[in-house]
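Trainee: Please model the entire structure based on the sequences and the hints provided.
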Amino acid sequence: MDRFRFVLYRPLQLVPVLFGISLVSFVLVQSIPGDPVRILLGVRGTAEVIAKVRAQYGLDEPVLVQYFYFLKNLAEGEFGRSIIYKTPVLSLISTRIAPTLFLLCYGVLMAVTIAVPLAVTASINRGRWLDALVRSYSTAGLGLPAFWLGIVLIIVFSLRLGWFPVSGYGRGFFEHLHHLFLPAFTIALALSPVLIRNLRASLLVELEADHITAARSRGLPERRIFFRHVFRNSLIPTITLLGVNIGWLIGGTVVVEQVFSVPGLGSLMVGSIFARDYLVVQAVTLIFACGVILTNFLVDVVSVALDPRIVL
Amino acid sequence: MSAITPSPVTLGLGGRLGASKSLLWGGGLTLIWILLALTAPLVAPYDPTAQDLTATLRPPSLTHPLGTDNFGRDVLSRIIWGTRLDLAMGLLALVTPFVAGCLIGLISGYFGGIVDILLMRLLDVTMSFPFFVLVIAIISVLGPGLASFFIAVALVAWVSYARLVRSRVLVLKHADFVLAARSLGYGHLRVMLRHILPNAVLPAIVFAMSDVVITILLGSSLSYLGMGVQPPTPEWGVMIAEGQNFLATAWWICFFPGLAIVFVALGFSLLADGLAERFGTVE
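Those protein sequence lines, which keep their order, are chains B and F.
Read the first sequence against the working numbering and you will find it ends at 312, with the numbers running on by one and no gaps.
Read the second sequence against the working numbering and you will find it ends at 595, with the numbers running on by one and no gaps.
What the hints contain is simulated information worked out from the structure, not anything from laboratory work.
Take the hints with a grain of salt, since some may be wrong.
Unchecked claim - Below, computed lysine to any residue pairings styled on SDA-like, alpha-carbon distance capped at 25 Å:
| no. | chain 1 | residue 1 | chain 2 | residue 2 |
| --- | --- | --- | --- | --- |
| 1 | F | 485 | F | 510 |
| 2 | B | 86 | B | 98 |
| 3 | F | 485 | F | 419 |
| 4 | F | 333 | B | 205 |
| 5 | F | 485 | F | 591 |
| 6 | F | 333 | B | 125 |
| 7 | F | 333 | B | 126 |
| 8 | F | 333 | B | 12 |
| 9 | B | 72 | F | 436 |
| 10 | B | 72 | B | 36 |
| 11 | F | 333 | B | 37 |
| 12 | B | 72 | B | 104 |
| 13 | F | 333 | B | 188 |
| 14 | F | 333 | B | 129 |
| 15 | B | 72 | F | 433 |
| 16 | F | 333 | B | 194 |
| 17 | B | 86 | B | 97 |
| 18 | F | 333 | B | 97 |
| 19 | B | 72 | B | 12 |
| 20 | F | 333 | B | 72 |
| 21 | B | 86 | B | 37 |
| 22 | B | 52 | B | 63 |
| 23 | F | 333 | B | 34 |
| 24 | B | 72 | B | 34 |
| 25 | F | 485 | F | 511 |
| 26 | F | 485 | F | 517 |
| 27 | F | 333 | B | 140 |
| 28 | F | 333 | F | 513 |
| 29 | B | 72 | F | 437 |
| 30 | B | 72 | B | 61 |
| 31 | F | 485 | F | 505 |
| 32 | B | 86 | F | 513 |
| 33 | F | 485 | F | 497 |
| 34 | B | 72 | F | 438 |
| 35 | B | 52 | B | 275 |
| 36 | F | 333 | B | 137 |
| 37 | F | 333 | B | 136 |
| 38 | F | 333 | B | 50 |
Please read all numbers here as calculations on a predicted model, not as lab measurements.
Mentor: Written as structure tokens, this is what we have:
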């Protein structure tokens, strides 16, 4: 179990990064021009409330002290209040996080479902027309703008065919599946080219490994060699790749949520930017950054669990 | 299933011919777009902002090859003029982060020590934020517009270049020719800029080609959300946002600008692939 010792000390190594993240979010709100109290409270705000906010954020103190107030508030789970929704930011986030997580998982599952068979087909038929076809999709697909893709899918599948709703989230698991199909498909189409390119590359490397040649020389059937020897070894790079792309994926989700009016964190963030609801913007940014760090940590754990050779 | 034949380990198209093919197609496509951007006033059949309220929401026809929008503006002309802005966003926005990233990577890798540790922590922190989220958070502070977009990209996009250059510099600084240059008495600055940088910059240049794709997508997404270029300026993301209200009746307003993005991106992606294969910097 020595290999899993990093699970204990990795979080400690992440402490400086977490500090950095909090510092960036702090500086972000600090750099807004104007009186911070007015901005944080909106146009209205009684003298009493203003005094309370000043005390809570230590706004009369030097900047460095203000940062410690900020950290103290974070540690207490105090993200402030939203000007627009008139509720604590934390409760706002807790109601909005589920659609985003649902959409992310749904999109990733769909992307893997698309990418794996295509990459396998391409690598087996290397250099032939099927390979060329998959490769042109994975090159052209790199530049697919998610927001435009979403709109094209709406035109075809919602407006023309009427198979899926244009927007929303629905109630209950199966309605979520139905409502989020097109948004998740958009994410999958935009993500799969990256997955295909890398999975195909690692399959090709794997196909030329010594243990594959050894398996062939023992006369094992090609199909068995492919699935038992080649494919299994190519899964770990794909999982790592999902970890590397999680930040990019979250960015895509923000846009896709906006296109399909999904009530998630992304549309909350975009709406709050236009409403100048800075504490919400700050909190969502922080949450997304923590999500990236957590995902990369989980990817490390999973790849160590899957491959005994990996030592972190 | 017998088609799986052993061959030398290459990740790309395999062979020099294939490599030059992506380079050729990518270069050609990119050149066409750049020419289109430069000659926009000559090529565009109509004024991109001229409204014609007698010809609104017309489907593609001979007079308006890609149709007209809700103000009767010619979609083709707006796409051609949009080429200028979208290419400018993709190419110009990367100049600052490219230069800054290369210099930071150079300094960090060459001197090491506390400078390296601090810069690399800054890099770790920047990379923990989802790229898009950090950019829109910065724009929320600076206010929407093209200038904010350039600043936000500069603040975020340098990390990739710094990382690529630094990892090359770490190897190169122990190379014989660098030691030779040092022992000839050349100063650090001269060795860094004249001897190490030219040898370390290639992966960064190759990456810049695919970064152009990312930045064009970013810029048009921001304009689509209303945080980048503002209407009525002809820009592809803006056009798609404006056309979204007329999806049911006039699909062409949204459809063609998006296609333009796909083909510009394709040009640069092929260019990136071609260069990566040509110079053997496949990641």
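Trainee: Run every hint past the structure and note whether it holds.
Mentor: So, going through the hints one by one against the coordinates:
Restraint check: the Cα-Cα separation between residue 485/F and residue 510/F comes to about 13 Å, which is no more than 25 Å; the hinted pair holds. Straight-line distance between C-alpha atoms of residue 86/B and residue 98/B comes to about 21 Å, which keeps the hinted pair within the 25 Å bound. With a C-alpha separation of about 11 Å, the suggested pair residue 485/F and residue 419/F falls inside the 25 Å cut-off, and the hint holds. For the given pair, residue 333/F sits about 22 Å from residue 205/B by alpha-carbon distance, which is consistent with the 25 Å threshold.
The suggested pairing of residue 485/F with residue 591/F holds, with an alpha-carbon distance near 21 Å, which does not exceed 25 Å. For the hint linking residue 333/F to residue 125/B, the alpha-carbon distance of about 20 Å falls within 25 Å, and the restraint holds. For the suggested pair residue 333/F and residue 126/B, the alpha carbons sit about 17 Å apart, so the restraint of at most 25 Å is met. Note on residue 333/F and residue 12/B: the hinted pairing is violated, with a Cα-Cα distance of about 49 Å set against a maximum of 25 Å.
In summary, the hint linking residue 72/B to residue 436/F is supported, as the alpha carbons are separated by about 23 Å, within the 25 Å threshold. Straight-line distance between C-alpha atoms of residue 72/B and residue 36/B comes to about 18 Å, which keeps the hinted pair within the 25 Å bound. As the CA atoms of residue 333/F and residue 37/B are separated by approximately 59 Å, the hinted pair breaks the 25 Å bound. Pair hint residue 72/B plus residue 104/B does not hold up; C-alpha atoms about 31 Å apart against a cutoff of 25 Å.
About 28 Å separates the Cα atoms of residue 333/F and residue 188/B, which puts this hinted pair outside 25 Å; it is violated. About 16 Å separates the Cα atoms of residue 333/F and residue 129/B, which keeps this hinted pair within 25 Å; it holds. This hinted pair checks out: residue 72/B and residue 433/F have alpha carbons roughly 23 Å apart, not beyond 25 Å. Under the criterion of a C-alpha separation no larger than 25 Å, the hint pairing residue 333/F with residue 194/B is consistent with the structure, at around 21 Å.
Between residue 86/B and residue 97/B, the direct Cα distance comes to roughly 18 Å. Compliance with the 25 Å bound is thereby established for this hinted pair. Our distance criterion of 25 Å between C-alpha atoms is broken by residue 333/F and residue 97/B, whose separation comes to about 46 Å. The suggested pairing of residue 72/B with residue 12/B holds, with an alpha-carbon distance near 19 Å, which does not exceed 25 Å. For the given pair, residue 333/F sits about 58 Å from residue 72/B by alpha-carbon distance, which is inconsistent with the 25 Å threshold.
A hinted pair counts as satisfied when its Cα atoms are at most 25 Å apart, and residue 86/B with residue 37/B qualifies at roughly 15 Å. With a C-alpha separation of about 18 Å, the suggested pair residue 52/B and residue 63/B falls inside the 25 Å cut-off, and the hint holds. Distance restraint check for residue 333/F and residue 34/B: the Cα-Cα separation of roughly 55 Å exceeds the 25 Å cut-off, and the hinted pair is therefore not satisfied. Distance check on the hinted pair: residue 72/B and residue 34/B sit about 24 Å apart at the alpha-carbon level, within 25 Å; holds.
With a C-alpha separation of about 11 Å, the suggested pair residue 485/F and residue 511/F falls inside the 25 Å cut-off, and the hint holds. Pair hint residue 485/F plus residue 517/F holds up; C-alpha atoms about 20 Å apart against a cutoff of 25 Å. Between residue 333/F and residue 140/B the alpha-carbon distance is near 15 Å, which keeps this suggested pair within the 25 Å criterion. Between residue 333/F and residue 513/F the CA atoms are separated by roughly 24 Å; this keeps the pair inside 25 Å, and the hint holds.
For a cut-off of 25 Å, the pair hint linking residue 72/B to residue 437/F stands: about 20 Å separates their Cα positions. Using a Cα cut-off of 25 Å, the hinted pair residue 72/B and residue 61/B holds, with the two alpha carbons roughly 15 Å apart. With a C-alpha separation of about 12 Å, the suggested pairing of residue 485/F with residue 505/F holds against the 25 Å cut-off. Simply put, residue 86/B and residue 513/F have alpha-carbon atoms about 51 Å apart, too far for the 25 Å limit, and the pair is violated.
A C-alpha spacing of about 15 Å is found between residue 485/F and residue 497/F, which places the hinted pair at or below 25 Å, so the restraint holds. Distance restraint check for residue 72/B and residue 438/F: the Cα-Cα separation of roughly 23 Å lies within the 25 Å cut-off, and the hinted pair is therefore satisfied. Distance check on the hinted pair: residue 52/B and residue 275/B sit about 23 Å apart at the alpha-carbon level, within 25 Å; holds. Restraint check: the Cα-Cα separation between residue 333/F and residue 137/B comes to about 16 Å, which is no more than 25 Å; the hinted pair holds.
Restraint check for residue 333/F and residue 136/B: satisfied, since their Cα atoms lie roughly 13 Å apart, inside the 25 Å limit. Proximity of residue 333/F to residue 50/B is assessed by CA-CA distance (about 65 Å); at most 25 Å being required, the pair is judged violated.
Going down the numbered hints, you'll see the structure goes against 8, 11, 12, 13, 18, 20, 23, 32 and 38, while the others check out.
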